[in-house]
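Visitor: Chains as they are written, first to last, in numbering that gives the first Met the number 0: chain A, 0 to 259; chain B, 0 to 259; chain C, 0 to 259; chain D, 0 to 259.
Derived from the structure by calculation, the hints contain no laboratory data.
Just so you know, these numbers come straight off a predicted model, no measurement behind them.
Some clues are possibly wrong.
Chain copies aren't distinguished; within one or between two, either way the pair holds.
Said to hold, decoys possible - Computed list of lysine to any residue pairs in SDA-like fashion (alpha-carbon distance at most 20 Å, straight line):
no., residue 1, residue 2
1, K112, D63
2, K255, P92
3, K184, R242
4, K238, D36
5, K180, G162
6, K112, D36
7, K238, E156
8, K32, R175
9, K238, R158
10, K238, G162
Number of protein chains: 4
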Amino acid sequence: MRFLLLALMFFSCGTSTTFAQQRPASAGPADPKLIEDLIAANRILAMEGVVDGMGHVSVRHNRDPNRYLLSLARAPELVTAEDLMEYDLDSNPVRDPGRRQYSERIIHGEIYKLRPDVIAVVHNHSPSVIPFTVSNVPLRAIAHSGGFIAEGLPVFEIRDAGGLTDMLVNNAALGRALAQKLGGKSAILMRGHGAAVVGKSLPYVVGRSIYLELGAKLQAQAIALGGTVNYLDPEEGRKIEARRDYIRSWELWKRKAMGQ
Amino acid sequence: MRFLLLALMFFSCGTSTTFAQQRPASAGPADPKLIEDLIAANRILAMEGVVDGMGHVSVRHNRDPNRYLLSLARAPELVTAEDLMEYDLDSNPVRDPGRRQYSERIIHGEIYKLRPDVIAVVHNHSPSVIPFTVSNVPLRAIAHSGGFIAEGLPVFEIRDAGGLTDMLVNNAALGRALAQKLGGKSAILMRGHGAAVVGKSLPYVVGRSIYLELGAKLQAQAIALGGTVNYLDPEEGRKIEARRDYIRSWELWKRKAMGQ
Amino acid sequence: MRFLLLALMFFSCGTSTTFAQQRPASAGPADPKLIEDLIAANRILAMEGVVDGMGHVSVRHNRDPNRYLLSLARAPELVTAEDLMEYDLDSNPVRDPGRRQYSERIIHGEIYKLRPDVIAVVHNHSPSVIPFTVSNVPLRAIAHSGGFIAEGLPVFEIRDAGGLTDMLVNNAALGRALAQKLGGKSAILMRGHGAAVVGKSLPYVVGRSIYLELGAKLQAQAIALGGTVNYLDPEEGRKIEARRDYIRSWELWKRKAMGQ
Amino acid sequence: MRFLLLALMFFSCGTSTTFAQQRPASAGPADPKLIEDLIAANRILAMEGVVDGMGHVSVRHNRDPNRYLLSLARAPELVTAEDLMEYDLDSNPVRDPGRRQYSERIIHGEIYKLRPDVIAVVHNHSPSVIPFTVSNVPLRAIAHSGGFIAEGLPVFEIRDAGGLTDMLVNNAALGRALAQKLGGKSAILMRGHGAAVVGKSLPYVVGRSIYLELGAKLQAQAIALGGTVNYLDPEEGRKIEARRDYIRSWELWKRKAMGQ
Chain A
0 MRFLLLALMF FSCGTSTTFA QQRPASAGPA DPKLIEDLIA ANRILAMEGV VDGMGHVSVR
60 HNRDPNRYLL SLARAPELVT AEDLMEYDLD SNPVRDPGRR QYSERIIHGE IYKLRPDVIA
120 VVHNHSPSVI PFTVSNVPLR AIAHSGGFIA EGLPVFEIRD AGGLTDMLVN NAALGRALAQ
180 KLGGKSAILM RGHGAAVVGK SLPYVVGRSI YLELGAKLQA QAIALGGTVN YLDPEEGRKI
240 EARRDYIRSW ELWKRKAMGQ
Chain B
0 MRFLLLALMF FSCGTSTTFA QQRPASAGPA DPKLIEDLIA ANRILAMEGV VDGMGHVSVR
60 HNRDPNRYLL SLARAPELVT AEDLMEYDLD SNPVRDPGRR QYSERIIHGE IYKLRPDVIA
120 VVHNHSPSVI PFTVSNVPLR AIAHSGGFIA EGLPVFEIRD AGGLTDMLVN NAALGRALAQ
180 KLGGKSAILM RGHGAAVVGK SLPYVVGRSI YLELGAKLQA QAIALGGTVN YLDPEEGRKI
240 EARRDYIRSW ELWKRKAMGQ
Chain C
0 MRFLLLALMF FSCGTSTTFA QQRPASAGPA DPKLIEDLIA ANRILAMEGV VDGMGHVSVR
60 HNRDPNRYLL SLARAPELVT AEDLMEYDLD SNPVRDPGRR QYSERIIHGE IYKLRPDVIA
120 VVHNHSPSVI PFTVSNVPLR AIAHSGGFIA EGLPVFEIRD AGGLTDMLVN NAALGRALAQ
180 KLGGKSAILM RGHGAAVVGK SLPYVVGRSI YLELGAKLQA QAIALGGTVN YLDPEEGRKI
240 EARRDYIRSW ELWKRKAMGQ
Chain D
0 MRFLLLALMF FSCGTSTTFA QQRPASAGPA DPKLIEDLIA ANRILAMEGV VDGMGHVSVR
60 HNRDPNRYLL SLARAPELVT AEDLMEYDLD SNPVRDPGRR QYSERIIHGE IYKLRPDVIA
120 VVHNHSPSVI PFTVSNVPLR AIAHSGGFIA EGLPVFEIRD AGGLTDMLVN NAALGRALAQ
180 KLGGKSAILM RGHGAAVVGK SLPYVVGRSI YLELGAKLQA QAIALGGTVN YLDPEEGRKI
240 EARRDYIRSW ELWKRKAMGQ
């Protein structure tokens with residue numbers, strides 16, 4: 000009887016342990032300020048028209064660079080703290096694997112693996128950017144607000160990595176190919192799809208996403224005038240970005256998006 | 000006197016019966032959830048700029064595939080449950096024939112007749128789509144959000160079916176011609192007018208309407224860049240649509256449109 | 000003393016009488032429903048982006064076709080019943096001549112003189128229409144919502160009537176020239192300036208103003224696609240307008256603009 | 000002990016005095032109406048899309064033409080009276096030098112130095128204007144609302160003044176070069192950056208900023224039609240501006256921006 004009880008305890012523990020071993024361990028509770036900013040980032044991107052019902056934004060866990068935080072599958076505008084999940088860099092959730100998840104979360108994980116400098120990632124279907132993902136006219140910077148564009152942004156052609164697909168970057172091979180193509184840049188365009196934007200903080204990825212959208216719109220307008228276009232010199236872009244922060248805009252965006 | 004009273008009762012009953020016989024029978028009360036979603040669909044289409052004061056959306060009755068639900072003639076943004084009417088597939092109302100009705104409701108009825116797979120229909124004057132209805136440049140898909148466009152959408156030229164008209168599809172012959180031209184596709188463009196969009200549920204027709212509008216805008220922008228455009232491969236479109244749902248967006252749209 | 004008092008009374012009365020004789024007589028209080036609709040028309044035009052701080056809308060007095068109602072010089076979005084003034088067809092106010100008035104009210108008066116069928120007039124700087132006022136590419140109808148455009152709308156070149164001016168139609172000669180150029184049409188474009196739109200009621204001028212703006216936008220988009228454009232046949236335009244009303248849209252516009 | 004106390008008092012006073020001597024003297028409290036209008040100007044520019052998180056607007060101090068008022072570094076939409084700082088024309092603050100300040104405030108100071116007629120200055124990244132700053136197609140006036148554009152606006156190429164920079168006009172030499180290039184005009188375009196707009200009051204700089212943005216949009220649309228464009232004659236522009244005021248629009252803008 001005693002043996003049976005022990006065996007039972009072992010078995011149930013073992014079961015838990017097995018599940019725990021299959022699932023990555025949590026890095027523990029994240030900084031409440033980071034959580035708050037991640038919620039704000041979701042809503043700002045919606046407010047600014049960079050995402051609609053689709054798209055997502057993540058941030059590395061402040062306690063462990065091998066974990067990142069991302070909402071379950073929900074429109075960014077609706078995301079709350081209860082929706083946030085913790086993932087390892089293979090994009091496995093540390094808990095609640097049964098919740099509906101973004102099928103393209105692998106974009107975040109694979110970029111975090113290859114880019115230790117990256118702290119936050121946005122994936123979006125930025126409407127003014129998409130035309131540049133399918134055109135042989137490359138996206139270039141015409142305004143200092145998009146200085147990071149001046150370095151030249153790569154375009155990910157999913158056909159090169161996966162042939163004729165459903166266009167989703169939803170497995171490790173595609174995610175890795177995307178991350179490799181991104182290289183050391185600030186953003187990558189995705190053909191017929193959108194973009195992935197990276198940065199050293201949430202204000203950076205949000206700011207870059209907003210000014211990538213704007214930059215694409217401005218360039219299209221400049222082209223439509225029919226004359227020659229005087230693009231930013233890459234050196235101008237470097238100097239702009241060397242002193243860039245998004246402090247002033249972040250205050251505005253966050254207050255508006257959070258209704259304060 | 001007694002006879003007269005009976006005769007009077009008979010006559011009045013007879014009159015009612017006659018009216019009831021002339022009018023199609025009701026399938027009974029529809030699922031409240033369906034009603035709620037139809038109201039939401041009306042408001043979402045307005046909120047997203049796919050319809051203005053004009054345009055309409057219908058859904059098949061959940062109790063009878065030969066009946067559909069559609070508002071009386073009212074701007075979609077204002078539609079409430081009290082405005083909903085039940086129609087047979089000849090687009091005759093089961094009651095209240097004196098209420099002001101959409102003159103183009105025949106679009107819905109004729110499509111439901113030819114397309115048993117279709118559960119919901121939208122007719123709109125989608126502003127970015129209209130230019131493609133009058134241009135010899137065909138609408139094509141450049142983004143995965145408009146995967147259903149990749150199959151190629153037909154254009155209905157009302158002059159072929161009716162000569163020089165007031166452009167309204169407001170009789171059975173025109174409605175049938177439109178439904179036939181639609182064939183098995185997800186949507187049909189209407190020259191100088193707008194579009195009709197079909198799907199297997201209200202979220203599908205709403206989602207397709209929104210992404211048809213967006214897809215047209217994106218393609219126009221891509222063309223305006225002046226370079227070559229890399230369109231979606233039809234196979235990509237098929238794979239995208241095979242796994243498409245609008246669950247995440249529908250949650251967002253409905254909550255916003257219903258002010259929740 | 001008594002004489003002096005009488006003389007004084009006579010003089011003061013005389014002064015009033017003199018003023019009253021110089022000023023046109025009022026047709027009396029207008030229909031409250033008309034007042035309400037004129038306020039609504041002002042706000043709808045602002046809500047729909049057809050006017051900004053400038054532009055104005057008038058309606059003929061329901062008691063006298065030789066009087067019309069128009070706000071004092073105020074942004075349409077802010078107009079209230081207290082701002083409405085009554086004018087004769089020479090655009091002289093029946094009272095309060097010292098209030099700040101629209102310098103271009105003559106547009107309304109001169110059109111009412113030449114067009115007995117016209118009951119309401121809008122003058123606006125409709126942003127999508129202005130490019131067509133300065134281009135040799137004429138505005139034409141591509142969509143049934145702008146059926147009245149299919150008849151071909153004249154363009155008023157103020158240089159023909161007044162040489163190099165401040166572009167304002169602010170005297171009787173210019174107003175008359177504009178009204179003559181309008182002829183029997185539904186609207187006239189004003190070079191480098193905007194448009195004047197006429198109709199048989201406030202819903203008509205508001206509806207035409209909104210769909211003139213939209214029609215211009217749609218045509219520009221169709222042209223930008225780079226292919227041929229299939230314009231509305233004038234006969235289609237006539238048939239569309241023969242059965243046009245703005246009942247459904249007016250209900251929407253008015254409820255939204257008046258916050259109901 | 001007494002000596003020590005006195006010495007301490009002297010030292011602390013001396014420190015204050017020293018700081019006060021290094022800092023310019025204040026002209027005293029500004030007119031509350033001017034403060035109110037400066038707050039309104041900030042919010043109007045944001046409401047009208049002329050500025051986003053960046054950009055700024057200043058006004059000369061009503062008591063001293065050698066002082067101007069400008070917010071500390073904050074998004075215009077959020078600016079309150081507490082944020083306003085007083086600067087001399089070298090753009091040194093009269094107090095609180097430790098607060099975060101706009102790095103490009105020098106634009107305001109240098110323009111005020113060279114243009115005694117200028118009472119207010121806006122610096123913005125006006126989205127429709129930027130394409131004209133990088134195109135060899137010059138901005139020209141097509142509509143009377145942008146009459147001040149008809150005189151021809153200069154473009155500041157920062158490379159001429161500073162070579163390859165971070166594009167910011169953030170030192171006296173660049174500010175002076177910009178102000179000189181502006182000359183006697185109403186606005187100057189800044190290549191790859193935005194514009195600086197000047198005027199004789201806050202309503203003028205706000206109005207010109209709004210109609211500069213609109214004018215650029217309208218011209219781009221006119222060009223896109225593909226035909227010839229009939230621009231405003233400079234004489235028309237002069238006559239328009241000779242009688243221009245922004246009274247009616249200012250009432251609208253201010254009431255909306257201040258939520259009244």
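Visitor: With identical chains treated as interchangeable, where does the CA-CA distance between K112 and D36 reach 20 Å or less: within a copy, between copies, both, or neither?
Guide: Intra 22 Å, inter 43 Å, cutoff 20 Å: neither.
Visitor: Between the shortest in-copy and the shortest cross-copy C-alpha distance, which are at most 20 Å for K184 and R242: within, between, both, or neither?
Guide: within (17 Å within a copy, 32 Å between copies)
Visitor: Given a CA cutoff of 20 Å, do K255 and P92 count as a within-copy pair, a between-copy pair, both, or neither?
Guide: neither (31 Å within a copy, 29 Å between copies)
Visitor: Tell me, please, which holds for K112 and D63 at an alpha-carbon limit of 20 Å: within, between, both or neither?
Guide: Answer is within: at 13 Å inside a copy they meet the 20 Å cutoff, but 54 Å across does not.
Visitor: What label fits K238 with R158 when the C-alpha limit is 20 Å: within, between, both, or neither?
Guide: between (35 Å within a copy, 13 Å between copies)
Visitor: Regarding K180 and G162, is the shortest C-alpha distance of 20 Å or less found within a copy, between copies, in both, or in neither?
Guide: Within one copy only: 16 Å inside a chain, 33 Å across chains, cut-off 20 Å.
Visitor: At most 20 Å between alpha carbons: which applies to K238 and E156, within, between, both or neither?
Guide: This pair counts as between: shortest inter-copy Cα distance 16 Å, intra-copy 30 Å.
Visitor: Using 20 Å as the alpha-carbon threshold, which applies to K238 and D36: within, between, both, or neither?
Guide: Cα proximity of K238 and D36: none, with 27 Å in one copy and 36 Å across.
Visitor: Up to 20 Å between alpha-carbons, please classify K238 paired with G162: within, between, both or neither.
Guide: Answer is between: at 12 Å across copies they meet the 20 Å cutoff, but 39 Å inside does not.
Visitor: At most 20 Å between alpha carbons: which applies to K32 and R175, within, between, both or neither?
Guide: neither (30 Å within a copy, 43 Å between copies)
This entry does not satisfy hints 2, 4, 6, 8, going by the numbered hints stated previously.
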